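With these hints in hand, go ahead and build the complete structure from the sequences.
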Amino acid sequence: MEGAKAIIESIEKHGTDRVFGHPGGAVLPLYEALRASNLVHVLTRTEQGAAHAASGYARMSGKPGVCIVTSGPGATNIITGIATAQADSVPLVVITGQVQRSRIGTDAFQEADITGASEPFTKHTYLVQDANELPRIMKEAFHIASTGRPGPVLIDIPVDIQKTDVTDSCETQINIRGYKPVFHGNRKQIKKAISAIEKSERPLVCAGGGILCSGARTPLNLFLQKTGIPVVCTLMGNSAIDGGLANSMGMIGSHGHLRAKQALKESDLLVIIGARISDRATAGGQIFESRKTIVHIDIDPAEVGKNIETQIPIVGDAGDVVMYLLKHIDPEKSWNWKPCRTPSEEPVPSKTRADKLDPAVLLHCVSEKADPDAIFTADVGLNQIWAARHIEMSGKRRFLTSGGLGTMGYGLPSAIGAKMAVPGRQVFAVMGDGGIQMSLGELGTLAESGEKVVILLLNNQYLGMVRELQDNAYGKECRHGVRFEKGPDFVKIAEAYGLKSAHACDMESFEKILDLSLAGHDSWLINCKIDSKINSVRRF
Amino acid sequence: MNKRILSVLVENHAGVLSRIAGLFSRRGYNIDSLSVGTVDDPEYSRMTIGITADDWQTEQIMKQLNKQVPVIKVVELLPDDSLIREILIIRVSSPVESRREIKDLADLYKASVLDVTKNTMVLETTGSEKKIESFIDHMRSYGLLEIARSSSVGMQRGSKVF
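Line by line, the protein sequences are chains A and B.
Read in order, the letters of the first sequence correspond to residues 1053 to 1592 in the working numbering.
Read in order, the letters of the second sequence correspond to residues 157 to 318 in the working numbering.
By construction, these hints were calculated from the structure, which means they are not laboratory data.
Since the structure is predicted, the reported quantities are computational estimates derived from the model, not experimental observations.
Take the hints with a grain of salt, since some may be wrong.
Restraint-style ranges between C-beta atoms, simulated for each label pair [said to hold, decoys possible]: (1) A:Asn1227 / B:Thr194: 17 to 23 Å; (2) A:Asn1227 / B:Glu289: 57 to 63 Å; (3) B:Leu239 / A:Arg1229: 23 to 29 Å.
Don't be surprised by glycine CBs; every beta carbon is placed ideally from N, CA and C.
Pasting the structure below:
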């Protein structure tokens, strides 16, 4: 069997039904094998878009997202997408074409050292040197990407290898000596954590993105209901907690809720689950280390004790550990404590300008009308913070965003990928006018796919988050390079791609357009004219 | 901050060295020395890595190393429980009148003569970093011409195999 065919068969065998990619000279044999297969090919407009779409697909399907791109610029273009997936622990298998083996190292046309260049941003990389290694490498790549702490794996495949016959098959069990991720948390350590929780008076759980990728959401919510222990979440863990949960204190971090911060301050024991507690999550004070016991549960041993000192470390799968906690915690005990001081949160303004939209009001409206299992992707910037703060994550809703790397242009392609993984669910892409201009071509991908995504373009004609940072650092008179003087007519652009689109300047028109967009089968871009004065978080 | 030695067993594949070296540079860890060689099974290599780090940093470095797929095992070689050696090859100026003296010193350091010309000698010795430094210091007074030093390689004392 030809190498290319072996690669495609291996992708099919791993249960994914589609690949996201952009072709080129160094993947011609692969595309020929792809044409003859049952896999769907999603042609994204940039290689970065392919990685983001695969990321959305992976996060919603629970299977690794697969990308195929060509050598040289195709490969270098996808690095940002790979780094985005790495920062958020999203499983991807990225296949890059490479020039033929005899030309490697000669600066051939479209040659780039992609295994070298992508190495800091991948969980693992392979450069295939022998066609007979293909079956084993493909098998290992899917295994490494999806087990332990998920992440992207890159396989660089010279074009001549794609055309070489593969005689070996890989029927043996995977055995990688240096890769044996721990799944079950150490029972002794968990028992230690349970007794510390039982002795504590004001325990608090901090839920991260690990809850979602390990499938710990249901047992965690049961545990929280049963024990009454209050919970805060990180940006990545935003949809890990049922919105209706009474003991949910909101999001921590630089743009988090005051209530969550206060709960952190007053707690005497903190159970961090599936979160690495980045600088963004700790922003706003040393509240993490102030005289409290910290239990840190994470599948990646390198994250435990990296950013904050931990008294009870537990390395293991969040789902496994939470199930054990749920089973063994004292069923008689209940901790329904509330922070003594409850700072007032940002209220939804009742009065807004007549000719401009308030993002809080708008997103509350979306929140009310969206399905209980709707998926929201958010881009990066003000729109991300607004989406995280104002969209209620009730029911089985999911929130996808680039939390770690903060990659603008993530929202649209990831929404397309997510929709393809779960076609029955409503998908919204919350974008800013900056981020959408980094991914405009993907409107074409969306139009071609025939899938329905509602794009909420929160257009304030600013790179608003950077503007806010400049204002805070240097003063309002020092704004520079953050204004779009001649923002394009996004409705015309969307229409040019064959999508439905309309301008919304006030809540009345917005609600009408939203209702229309939710009713039909077509994708929509709603260009929402946002009051450009509004920043990320308003404190009153 | 102390000088420490890590012994790292890795898969012997292309790209592994750059992955490990890259890990140190991108995480801002200090790397003092590095030596790599295959072990009895040619599928694996042992890296002996000299670092300058405190306890916390050493733990982080070891965790990050362990996270790499091609890394099989990482141990710290503690000075009291380990045998750590370097190899030195040194060329010194040795006119006839000082040749005898240099040879005597070399004998003291268990250094052997690899090559002699009319005016120069090439000597070789192995030992701890301290011994090597001290031998170089002695040779300096005779006119040190050229030095080639390996970095440290080492292993734990006792019968335990890793």
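Okay, the hints, checked on the actual structure:
1. Taking 17 to 23 Å as the suggested C-beta distance range, the pair Asn1227 of chain A and Thr194 of chain B conforms, at roughly 20 Å.
2. The hinted range of 57 to 63 Å is not satisfied by Asn1227 of chain A and Glu289 of chain B, whose Cβ atoms lie roughly 44 Å apart.
3. Separated by about 25 Å at the C-beta atoms, Leu239 of chain B and Arg1229 of chain A satisfy the suggested range of 23 to 29 Å.
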